[in-house]
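Student: FYI, the numbering used here numbers position 92 of the sequence shown as 95, with every residue one higher than the one before it.
Please note that a few of the clues may not be correct.
[As the list claims (entries may be wrong)] List of simulated lysine-lysine pairs, DSS-like, C-alpha gap at most 25 Å:
(1) K220 to K238
(2) K95 to K238
(3) K220 to K165
(4) K10 to K220
(5) K117 to K165
(6) K8 to K165
(7) K10 to K217
(8) K10 to K238
(9) K142 to K117
(10) K217 to K8
(11) K95 to K117
(12) K217 to K238
(13) K165 to K10
(14) K165 to K95
(15) K8 to K146
[Stated by the list, open to error] Here are the computed distance ranges between Cβ atoms for each label pair:
(16) K238 to I198: 31 to 39 Å
(17) K10 to K238: 31 to 39 Å
(18) R250 to G47: 45 to 53 Å
(19) E170 to K146: 27 to 35 Å
Everything labelled a hint here was simulated from the structure, so no lab data went into it.
Glycine included, each C-beta is placed from N, C-alpha and C at the ideal position.
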Amino acid sequence: MHLDKAKIRQSFAAASVTYDGVAALQRSVGSALLAMIDSENMGGTLLDVGCGTGFLTANLVGRLERGTQSLACTTLIALDIALQMLQVTRAKLADRPNVSYICADAERLPLAGKSVDGVCSNLALQWCVNLETVFSDMKRVLKPGGQLVFSTFGPQTLQELKTAWAEVDDFNHVNEFYSESQLRQFLQQAGYAEITIEISIYRPCYASVLALMKELKHIGAHNVMAGRNKNMTGKVQMQQMMAAYERHRDGSFIPATFEVIIVRAS
4 MHLDKAKIRQ SFAAASVTYD GVAALQRSVG SALLAMIDSE NMGGTLLDVG CGTGFLTANL
64 VGRLERGTQS LACTTLIALD IALQMLQVTR AKLADRPNVS YICADAERLP LAGKSVDGVC
124 SNLALQWCVN LETVFSDMKR VLKPGGQLVF STFGPQTLQE LKTAWAEVDD FNHVNEFYSE
184 SQLRQFLQQA GYAEITIEIS IYRPCYASVL ALMKELKHIG AHNVMAGRNK NMTGKVQMQQ
244 MMAAYERHRD GSFIPATFEV IIVRAS
């Protein structure tokens, strides 16, 4: 995949104000990810990679404050590539002294080796170019026996939108996503021995194609591929794409498929 990191940073920075209002899917997936955490073996210092506006971070903090034995976490590190996203999280958790914040790229973790007990990431790693390198770096910062738990999108994601654009031209309008087998291979190559993978399909409905497109923009998840066609989103092309997408309409709504892959590895 050829992703433009500058555009990724800009997209999520711009979406920091609107993100929480439209991120229902991200919260649902985050809740499913939390359920996948092997709580008995994840405590100490946790790293939330791609924390966004802090849904996952806040939930981990909440577990700590409730004093449950299920998550004996003492320190949380929230990391995001977009400073504005990180600032939103910090504002929400301003009264939590056990959280620290780092503005950095997930592909260049500025952490010492064997410094964290667990790494979590909710729907962020699909914005990384080289996941094998990412997984290796996460393995580097994890203490022996440390656990990586993350969610990401699979290749069926936005298949309706991709099919509709394919009827208009031959350019890439929808980001590509790695498959379960590719993720497993990357993890194995990075040295993870115990790998558990769960796949779920989410199909939220929208009143129109435009409503879907607006939501993608408001969460910062619109196309950020390098080398994309500069003229591909002209008015005529957009109208043709919307007409093609309308064939998926079911009554008053159109669906959008999101394939979600949740992984636990150690």
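Student: Hints first: check each against the structure and report whether it holds.
Tutor: So, going through the hints one by one against the coordinates:
no.	hint	result
1	K220 to K238	17 Å, holds
2	K95 to K238	39 Å, violated
3	K220 to K165	16 Å, holds
4	K10 to K220	12 Å, holds
5	K117 to K165	41 Å, violated
6	K8 to K165	22 Å, holds
7	K10 to K217	17 Å, holds
8	K10 to K238	22 Å, holds
9	K142 to K117	8 Å, holds
10	K217 to K8	21 Å, holds
11	K95 to K117	29 Å, violated
12	K217 to K238	15 Å, holds
13	K165 to K10	20 Å, holds
14	K165 to K95	36 Å, violated
15	K8 to K146	28 Å, violated
16	K238 to I198: 31 to 39 Å	46 Å, violated
17	K10 to K238: 31 to 39 Å	22 Å, violated
18	R250 to G47: 45 to 53 Å	51 Å, holds
19	E170 to K146: 27 to 35 Å	50 Å, violated
Comparing the model with each earlier hint shows violations of hints 2, 5, 11, 14, 15, 16, 17 and 19; every other hint is respected.
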